[in-house]
Amino acid sequence: MIHKILVVEDDVVFCKLLTRFLSKKEFVTNDAQKASDAYALMESNQYDLAILDYRLPGENGLEILKKIKKEYPDMKVILISRFGDTETADEAKSLGAEAYVSKPINPDELLEVIHSLK
Amino acid sequence: MKLSISKNVHLVEPGDFEATDHWYPRVLNSNIHPLVSYFLNLSHEQMIERYHRLHPSADPAELEKILKYQPKYFRWAGTDMMHVTNHEGYRKLAIIETNSCPSGQKSMPLLDLNVEQGGYRRLIENTFKPMVEAHQEDGVLAVAYDKNPMENIGYAATVADVFEEEVYLAKFDKDDQDPPVKFIDGKMHVRDSGENWQPVRAAFRYVTQEPWNRLPKHSKTLLLNPIEACLAGGRNKEVASRAYDKFNEDFQEAGLSIFTPTTYRNVAFDQLEEHFKALGGGMVIKVPDSNAGQGVYTVISDKELKETLPKLNKNDLYLVQQLIHSNYSRGFDPKKTWYHVGTIPDTKGRSYAFDLRLMMHATQEGLRPLAIYSRRSRFPLNQPLPENMNSWEVYGTNLSVKGEDGWTYADERLMLFDIRNFGLLGLGIDELIKGFVQSCMAVYAIDQNAISLFD
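These protein sequence lines map, in sequence, to chains A and B. First residue of the first sequence: 1, per the working numbering; consecutive thereafter. First residue of the second sequence: 119, per the working numbering; consecutive thereafter.
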């Protein structure tokens, strides 16, 4: 059951729009714009799901995914990347991401993906 | 809504407006003060008649010309004013600055509880829409911004609702090396989901950080506001000051004038000390094209002057203004000094300096007030300033704080014009009318300046 979600994306507006949307759907959310902030939040919170953008300043989404799967194996991950980036999608799946979603993001469609995660 | 159709671009669709996302939480739970609501609904004729009774020498016909003016460039403005008095107790509203593309909607309680989009809708419906409909150009609609996502997402959602079409919401930062907005032959284009450039027929523009670096003059895309409004004084205090002087010259016989603290323009770094002495040991130094409270320094002592000078560029020219004092200042010429009236003292006797932000827009009937709120200083006017404290704590009212996530604000100093807060300001309807008239005159002056510079 997904309850607490961390959104990691360097576009502040994206973060705010998505976290506000998810909050209205009864999820508890936090957001971070870079890997170091995300790690700090993970240390002090227990998330059920991380939604990671692939393209981030510094460490990218795949590097964060690797760390999550090593240190927080129960946390599920959805990786987001640009449309048509099949290479990243394949790598995300091989690293253990539960789902891959390409941009642009329709919040209602993303919600369906979240609900599909067991 | 479709998030991230390309880097820093989101597609906002009709029905996306969520009131809770576009006002500060305490504003959502506030009720507008009845007197403010009454003021916002006054007709031009009522305001002209009242102003004439307060200022018998003012020519009502000339005032009507200003209030019903149709600006060519400067159709959306926000003036910052301060409530001041002199030794004789003659109170005025002093114009501190006039901004093109101002913030403010998120701090304004709803005027009509049945119109959920409030001032966002009034601005889009009564100002932006008629302009777009009269502008013959093809392309999509966009909101281009560099700050203040809370209001700009709200504007994009309102534009989508009013026009019943999708709106490109694009972040157009001054430091972005690969921005999602560009101009081709004077027409704005925005990057879409296929990385193609979509032509834009009209854009609501909240690009406020050095916008002249990114926006061309004579844009083929309709912009609210176009860059000409900024260049003519809407984002430059020095140019605005010249426009006010020209206005005061032109309207002297009509008994109308824009009131500002005494201002010196183009002051060289080396002349600052001399001005400080000439002004009696108190002044405000302003970087002409700064905004959001940045680049403004209050100086009330030799020590503070010494601390301020190293922060300034020796090759720049500055705007120097007479400081509006607290009552505790001594050693100034009483005939020339203006004082903050300040807030009504609280139960501990503290009274604070505050400013008044009045947002206004051009409608088919002329200039109308749209949103209004105040911000107070951190430290009271009527207590001696502790030695280690800067005078900005007493005189500075800006709420912007540079935070890690962009621009945050100091909520405890925001004073809404609601039932709870408005009374604390000690303002009456006459001050609101005077403030509106001052603001209209400032908009008129800057727009006329734009016409003379760019037409």
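Some hints here could point you the wrong way.
Cross-link-like lysine-lysine pairs, in silico, BS3-like; alpha carbons within 25 Å at most [what the hints assert, rightly or not]:
hint, chain 1, residue 1, chain 2, residue 2
1, B, K292, A, K4
2, A, K76, B, K120
3, A, K16, B, K421
4, B, K338, A, K34
5, A, K34, B, K292
Non-contacting residues of chain B with respect to chain A, defined by C-beta distances greater than 10 Å in every case (computed) [as the list claims (entries may be wrong)]:
hint, residue
6, S122
7, D293
8, G304
9, L532
None of these hints come from the bench; they were simulated from the model. The beta-carbon is built from N, C-alpha and C at its ideal position, and this holds for glycine as well.
Against the structure, the hints:
Our distance criterion of 25 Å between C-alpha atoms is broken by K292(B) and K4(A), whose separation comes to about 35 Å. A hinted pair counts as satisfied when its Cα atoms are at most 25 Å apart, and K76(A) with K120(B) qualifies at roughly 23 Å. This hinted pair does not check out: K16(A) and K421(B) have alpha carbons roughly 44 Å apart, beyond 25 Å. Restraint check for K338(B) and K34(A): the C-alpha separation of about 38 Å exceeds 25 Å, so the hint is violated.
At most 25 Å may separate the alpha-carbon atoms for a hinted pair to count; K34(A) and K292(B) meet this at roughly 21 Å. Distance check on S122(B): its Cβ comes as close as 4 Å (rounded) to a Cβ of chain A, failing to clear the 10 Å threshold; non-interface status is violated. Listed as outside the interface, D293(B) is consistent with that label: its C-beta sits roughly 13 Å from the nearest C-beta of chain A, beyond the 10 Å cut-off. The beta carbon of G304(B) is kept farther than 10 Å from every beta carbon of chain A, the shortest such distance being approximately 27 Å.
With a cut of 10 Å on Cβ distances, L532(B) stays outside the contact zone with chain A, its closest approach being about 20 Å.
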